[in-house]
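With the hints as constraints, model all of the structure from the sequences given.
Sequence order for the protein chains is D, R, H and L.
Sequential numbering from 1 applies to the first sequence in the UniProt record's numbering.
Sequential numbering from 1 applies to the second sequence in the UniProt record's numbering.
Sequential numbering from 1 applies to the third sequence in the UniProt record's numbering.
Sequential numbering from 1 applies to the fourth sequence in the UniProt record's numbering.
Please note: incorrect hints may appear among the correct ones.
The list treats identical chains as one, so a pair stands whether inside a single copy or across any two.
[To be verified] In silico DSBU-like cross-links for lysine-lysine, where the CA-CA straight-line distance does not exceed 35 Å: (1) K271 / K74; (2) K12 / K77; (3) K392 / K271; (4) K392 / K77; (5) K12 / K74; (6) K409 / K12.
Hint data in this document are derived by calculation from the structure and do not stem from the laboratory.
Note that the structure is a prediction, hence the values are computed from the model and not measured.
Number of protein chains: 4
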Amino acid sequence: MVIAEVDASAQKVNALAAQSQACLHNFLHVRRQTLALVAPLSPEDMVVQSMPDASPTKWHLAHTSWFFEAFILKPFKADFCWFNTAYNHLFNSYYESVGPRHARPYRGMLTRPSLEEVKQYRTYIDDAVQTLVRTVQCETQLQQIMALMTLGIHHEMQHQELISTDILHLLWHNPLRPTIYPCNSSSTQTTSNLTPLRMIDFDGGIVSVGQNLNADNFSYDCEGPAHNTLLQPYRLSNRLITNEEWLAFIADGGYSNSLLWLSDGWATVQKHQWQAPLYWLEHDGAWQQYGLDGLQPLLNSAPVCHVSYYEADAFARWAGKRLPLEHEWEVAAQRQAIEGNFLEDNAFRPQPSDSKVMTQLFGNVWQWTQSPFSPYPGFNAQAGALGEYNGKFMNNQYVLRGGSCVTPKQQLRTSYRNFFYPHHRWQFSGLRLAEYQ
Amino acid sequence: MVIAEVDASAQKVNALAAQSQACLHNFLHVRRQTLALVAPLSPEDMVVQSMPDASPTKWHLAHTSWFFEAFILKPFKADFCWFNTAYNHLFNSYYESVGPRHARPYRGMLTRPSLEEVKQYRTYIDDAVQTLVRTVQCETQLQQIMALMTLGIHHEMQHQELISTDILHLLWHNPLRPTIYPCNSSSTQTTSNLTPLRMIDFDGGIVSVGQNLNADNFSYDCEGPAHNTLLQPYRLSNRLITNEEWLAFIADGGYSNSLLWLSDGWATVQKHQWQAPLYWLEHDGAWQQYGLDGLQPLLNSAPVCHVSYYEADAFARWAGKRLPLEHEWEVAAQRQAIEGNFLEDNAFRPQPSDSKVMTQLFGNVWQWTQSPFSPYPGFNAQAGALGEYNGKFMNNQYVLRGGSCVTPKQQLRTSYRNFFYPHHRWQFSGLRLAEYQ
Amino acid sequence: MVIAEVDASAQKVNALAAQSQACLHNFLHVRRQTLALVAPLSPEDMVVQSMPDASPTKWHLAHTSWFFEAFILKPFKADFCWFNTAYNHLFNSYYESVGPRHARPYRGMLTRPSLEEVKQYRTYIDDAVQTLVRTVQCETQLQQIMALMTLGIHHEMQHQELISTDILHLLWHNPLRPTIYPCNSSSTQTTSNLTPLRMIDFDGGIVSVGQNLNADNFSYDCEGPAHNTLLQPYRLSNRLITNEEWLAFIADGGYSNSLLWLSDGWATVQKHQWQAPLYWLEHDGAWQQYGLDGLQPLLNSAPVCHVSYYEADAFARWAGKRLPLEHEWEVAAQRQAIEGNFLEDNAFRPQPSDSKVMTQLFGNVWQWTQSPFSPYPGFNAQAGALGEYNGKFMNNQYVLRGGSCVTPKQQLRTSYRNFFYPHHRWQFSGLRLAEYQ
Amino acid sequence: MVIAEVDASAQKVNALAAQSQACLHNFLHVRRQTLALVAPLSPEDMVVQSMPDASPTKWHLAHTSWFFEAFILKPFKADFCWFNTAYNHLFNSYYESVGPRHARPYRGMLTRPSLEEVKQYRTYIDDAVQTLVRTVQCETQLQQIMALMTLGIHHEMQHQELISTDILHLLWHNPLRPTIYPCNSSSTQTTSNLTPLRMIDFDGGIVSVGQNLNADNFSYDCEGPAHNTLLQPYRLSNRLITNEEWLAFIADGGYSNSLLWLSDGWATVQKHQWQAPLYWLEHDGAWQQYGLDGLQPLLNSAPVCHVSYYEADAFARWAGKRLPLEHEWEVAAQRQAIEGNFLEDNAFRPQPSDSKVMTQLFGNVWQWTQSPFSPYPGFNAQAGALGEYNGKFMNNQYVLRGGSCVTPKQQLRTSYRNFFYPHHRWQFSGLRLAEYQ
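Structure, rendered in structure tokens:
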């Protein structure tokens with residue numbers, strides 16, 4: 001029946017229109033979220049780079065915009081020309097052939113273009129993407145564009161988290177210890193409600209992990225292919241390790257007992273003279289913790305945060321346990337809804353748990369796993385510049401799972417694999433314990 | 001029957017005596033092998049340290065002796081006293097609390113004790129161990145001693161290989177390009193017999209890997225526990241990658257195409273300006289290769305050697321393949337006898353293969369795998385100083401399999417896991433390709 | 001006569017009042033000059049530190065104000081309290097005991113206080129100093145205050161020059177090559193008027209150099225005591241070395257001939273791969289030079305600028321000459337008025353000379369001398385924190401003479417000794433030749 | 001008269017023959033002295049390099065021989081060919097164009113040629129030089145050869161001192177603290193005889209310093225030209241500063257008071273955590289000093305040794321004095337015979353003085369002066385490779401005067417200028433105080 005066919009076709013068109021509408025809505029929402037996040041920052045805050053691993057806020061604002069310009073506007077917009085050709089060099093993090101290894105530490109030199117110009121760039125990109133989506137005729141193109149927009153949205157959410165971690169690192173170097181996000185939490189220092197640490201049993205056997213890369217929902221290439229793996233029976237702790245437990249590790253000489261540490265970890269501890277997590281300060285015998293809400297007394301019952309893999313691993317050894325494998329965590333997480341203390345909660349700090357069951361799988365702090373960031377069986381990096389996204393980092397880094405209090409909730413998936421070097425501490429990273437049965 | 005019981009007991013005693021006899025025999029054999037290996041070296045050759053990763057030959061000679069003194073004579077010898085108390089500090093590589101990270105680069109400062117004194121130390125240790133084994137009364141003690149001797153013998157064989165790799169690295173810095181072991185091989189430069197590279201199928205599924213640590217035969221703690229793992233169907237190349245194939249990689253710009261490299265690998269290539277494997281020299285357009293047998297023309301058909309993990313990984317990507325997982329290799333190796341070009345063959349260089357079947361699994365060059373050196377499920381480091389042996393290195397390093405032309409054959413097992421950092425090139429390391437079916 | 005005495009006293013009072021009036025006038029003039037200098041800069045430009053040797057503009061603005069607060073308001077103001085106690089730590093460059101070596105590279109982390117707050121700080125200091133001078137009763141105190149104000153004014157002029165050199169270094173790292181001070185000079189590229197280089201004779205003998213430290217006019221402690229020294233008969237070139245002459249040095253392989261260089265200089269050239277002065281860029285075979293007025297074609301006849309001592313010394317050797325001793329320069333300069341291309345000329349670049357006589361002794365570029373920055377006979381550093389001003393730098397640095405196009409003219413004296421490390425190039429430094437007769 | 005003329009000519013010939021005889025005698029004497037000096041060292045001691053600033057003994061033995069081969073045999077010997085062409089690369093310290101900066105730290109890699117081969121090289125050179133001198137016909141050539149031999153002899157004596165300082169530095173890293181030269185000195189620890197420190201007056205005025213480079217007696221190019229300089233009236237301490245006085249400096253917090261130090265000196269102290277002179281060890285509250293005669297109790301009355309310029313300068317400031325100018329020292333030294341504790345005294349340590357007059361001007365320890373190593377008026381470096389000898393080091397180094405207990409006495413002159421970097425401590429360097437009248 002012709003009519004039915006027309007209907008089906010019309011339905012399909014309508015569905016696509018609705019999809020593109022939703023996609024645009026999400027795009028604008030995330031783009032606005034980024035600006036809301038940086039609202040309390042001054043132009044001066046946004047230009048400085050505190051270390052090569054971190055980037056200035058202004059660079060994040062521009063780079064996320066460049067991503068849409070380079071990967072969507074450039075291939076799909078008629079009569080495309082760059083907003084500013086220089087930006088393609090300044091805000092491009094993929095341009096290996098011009099030597100990003102050298103360029104990266106110079107991101108903090110970019111006092112110009114000004115914040116105002118970068119904001120104009122953002123507005124221009126937002127408008128151009130909207131116009132493109134609304135005017136593109138070809139359905140195939142529209143679908144390609146939407147797929148790239150989704151990637152760009154997730155890319156921008158990653159940078160939202162990096163904005164938080166990088167600005168915290170910068171302001172940490174300021175003796176004035178400024179507050180970015182005034183905290184209204186009445187975090188009364190009580191540990192009475194803290195759930196006792198328990199180890200919860202999980203069966204071993206063949207389990208399915210990873211993300212089907214052809215599925216409709218978005219995921220990064222490194223999350224797939226979905227595949228089977230074999231786990232031994234294991235146990236995970238019912239909650240994250242707390243500051244109070246970390247204080248016991250310190251008190252027991254954890255930072256000065258070489259037998260607890262990996263060889264490289266011990267060398268790192270010695271070199272940097274680590275004696276506590278990053279952002280901890282001792283003052284008259286009491287510990288304080290610097291955060292986006294300024295300098296606060298250390299909350300004993302909150303999850304420990306800003307520890308490196310080396311520290312997490314040493315703690316686990318000290319506790320007679322180990323760190324989880326990433327798939328041990330994933331199997332546990334598959335049974336739960338993605339709920340927790342995320343960026344949208346505006347807490348900006350890990351929060352205690354008083355639940356008696358398996359808890360804190362998502363949010364609060366990224367959880368170090370024992371698993372090196374390696375390719376899944378059958379992994380193939382995407383072709384072209386986007387192929388540099390994850391694959392080339394599959395070396396010397398460790399997988400973290402679960403998201404943190406500065407991760408946008410939409411960003412998280414059960415299969416999401418975050419990864420950092422084992423000496424990194426400026427991310428919101430903590431740990432959960434594991435052991436074999 | 002009483003008589004039978006006595007017989008059984010006597011048999012047991014005899015068996016133990018035979019065992020201890022064999023153990024002593026092996027001990028003396030390996031100890032002598034070490035001295036034979038260093039015979040062509042002068043006292044001056046044996047004292048210098050070419051880099052922090054390497055140790056002087058004299059240090060290896062003394063350290064392997066100290067191992068027997070510290071772990072066997074000290075606990076078991078009546079009226080024990082150190083041969084020289086200073087040696088316990090100088091030749092102890094386990095003494096973390098005094099800061100080996102700093103001490104290690106100073107091994108090359110030890111012009112004293114002299115080589116002569118170190119040789120006397122070796123003789124003293126050999127005699128004392130023999131006397132101990134022959135006079136110890138308690139069976140349990142004898143069994144403990146034999147277990148530790150076996151560990152010490154394997155430890156010494158590891159250092160035999162390190163003596164070869166470290167002395168080669170030292171002499172490489174000498175513009176005279178001296179020859180250590182004159183080579184009598186008539187390695188005529190013919191590639192006609194070279195086996196074409198073929199990818200051979202292996203089934204996936206649950207496989208058993210690793211070593212049962214309670215078994216009678218020796219293995220290191222990191223080789224166990226034996227356990228099951230799940231493999232996807234895969235293929236391995238029938239032989240090692242050759243110098244000729246590496247030349248094609250170079251000619252195709254392999255060292256200057258960032259897209260082929262891991263991010264850290266690319267940074268390493270840039271920093272050190274690598275353009276060929278270690279010990280390769282180009283002279284008038286022809287490649288030569290420095291080795292323990294001096295400077296030789298590059299043999300096209302021989303396995304490529306002295307490449308880092310980063311280079312092996314980049315080559316595999318260039319070839320459209322990948323490096324094997326360590327257990328993919330292990331399953332293939334379980335089907336074969338341990339035969340190949342080992343230290344005892346006195347070739348001191350990798351040799352070509354002309355076999356048409358799966359070949360070169362053992363000997364020639366250590367084969368980089370894609371597998372980070374991680375603990376097996378249920379791994380627990382040994383208690384005490386010996387626990388520092390392997391566990392603390394399970395971080396940032398990669399597993400190599402199969403042994404090399406400077407590995408004592410007795411040292412190798414199918415489950416043997418060697419490990420080095422991904423930038424290391426001074427070991428005899430090469431590669432075999434893999435892919436998923 | 002009583003009346004006459006009263007008159008004399010009144011005269012003295014009036015003279016002091018006039019003096020303090022003039023001093024205040026100068027103070028406010030220099031303070032305003034500083035703000036005028038930074039007017040074209042954005043808050044973002046003013047917060048970033050491009051290298052440990054340089055400081056952010058905002059830090060200069062605050063530090064020069066702190067100087068008046070710490071050395072004048074604190075000792076002399078009744079009911080003194082710090083504008084902000086934190087500033088005493090943040091903007092104090094003399095506080096050795098808390099480790100400035102570590103603090104210095106972190107000056108660029110100070111995104112807060114904001115530029116606005118620093119400007120308020122400046123206004124507060126300006127007002128407080130004015131009020132103090134106008135209200136202080138005790139003549140002795142007023143004289144002490146004026147002496148310290150004069151020091152503070154000269155200190156601020158030094159930082160005016162550093163603001164120029166440091167901001168130029170920062171913006172050099174920005175690929176956009178921004179222009180700070182639009183240049184209205186019609187520097188037509190003609191070399192026809194260039195004065196030929198001639199060597200002018202000066203007698204040797206005992207000469208008087210340095211500044212009488214008890215004299216009324218201001219000078220730094222390191223400029224005295226005035227003393228006699230013995231010079232051999234010598235010659236100085238009639239003008240500064242030009243870009244054109246430097247191009248000849250480059251063309252003759254000056255940067256690659258080790259025999260022209262000091263040993264440490266050659267190592268520096270090799271390490272940094274220097275091939276031209278700082279801020280020179282070659283584009284399609286033509287040289288351009290970056291400056292505060294942006295990227296400009298290289299003016300052949302202008303004095304060469306931004307060369308290190310090592311380069312200046314190598315050039316002189318290449319030319320068969322040498323660098324002047326500081327007192328050879330001083331004797332020549334004693335005969336001339338202090339006139340030249342200074343900050344107030346708003347040229348921001350060295351300018352050619354067309355004079356036929358001894359010229360360009362002042363302004364344009366600081367002239368490297370062969371003289372290490374050493375104490376004059378009888379030199380004693382001032383007591384207290386101000387004693388750290390110059391004396392502790394009398395080591396490993398070389399004296400430069402004459403001021404530059406970004407030096408305030410009032411800052412210069414014939415006896416003025418500037419000093420920098422021999423590898424430094426970010427100052428406006430050039431050279432004049434010398435030889436013995 | 002013809003006869004008289006012949007006589008004169010014959011006399012001249014005889015005088016030359018006697019001269020060449022004496023020169024040869026001296027040559028052989030110094031060459032043998034070198035071998036005597038290294039007699040207690042093993043081949044292993046002689047091959048290791050303890051830091052880039054130091055060289056292995058074997059390298060010194062070969063390099064001093066190469067000097068005669070390159071500068072005498074090569075230009076003057078008929079049918080010259082190198083003893084071993086490779087040696088011209090290995091033992092040549094002047095070959096800038098192949099990058100000595102990189103080569104230098106690799107001197108310790110030269111395990112081959114063996115010590116035995118290097119000794120054969122020495123014998124060959126000794127024989128060849130003797131033969132050449134005895135057979136050369138041309139008088140002009142003979143005179144040129146003798147001039148170069150004298151330079152070579154002095155060059156070798158410099159290296160005799162370096163052999164002592166470098167081997168001491170190496171053995172310092174050996175926890176066994178070996179003794180090289182057993183000491184028979186009965187240095188009883190008495191301070192009763194120590195001469196009190198007095199400051200002795202010297203007139204100022206125009207003085208003549210430096211060496212007439214055309215004179216018959218040998219001197220290095222940097223010691224001339226002889227010239228006049230103007231000194232202010234000054235005082236020098238009657239003896240060197242002692243260990244006891246240094247202990248008072250330490251006890252008074254000298255190493256932790258930044259106000260006593262030059263800026264670069266303070267940074268160096270902080271970086272290396274200096275708390276006492278090099279080779280001092282505290283054990284149970286008592287100080288010991290390592291030397292070529294092993295570990296000995298610190299002798300209070302002996303001159304302090306192994307201090308850097310930075311330390312000497314800080315001590316002088318602490319004592320309210322300063323370091324001498326090099327010519328203040330030279331004027332005082334011109335009045336005295338060159339006598340003191342030199343290498344030939346076999347003390348290998350600085351010795352106390354009990355003289356009441358100006359003493360210890362020569363020998364014991366090199367005396368740091370306040371004078372940077374700069375060219376004298378009219379200095380011109382020699383042409384060719386020998387011109388690299390001193391001139392290129394006239395930068396960043398300080399002059400030391402007087403020789404030490406490991407300087408051959410024949411090596412010293414009143415005009416002799418030794419020079420080292422201000423952070424260097426491995427030379428036998430101490431100090432004498434000065435002040436202006």
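Now for the hints, and whether the structure bears them out:
{"no.": "1", "hint": "K271 / K74", "result": "between (46 Å within a copy, 34 Å between copies)"}
{"no.": "2", "hint": "K12 / K77", "result": "within (24 Å within a copy, 81 Å between copies)"}
{"no.": "3", "hint": "K392 / K271", "result": "both (28 Å within a copy, 17 Å between copies)"}
{"no.": "4", "hint": "K392 / K77", "result": "within (30 Å within a copy, 54 Å between copies)"}
{"no.": "5", "hint": "K12 / K74", "result": "within (27 Å within a copy, 78 Å between copies)"}
{"no.": "6", "hint": "K409 / K12", "result": "within (30 Å within a copy, 68 Å between copies)"}
Consistency note: the structure conflicts with none of the earlier hints.
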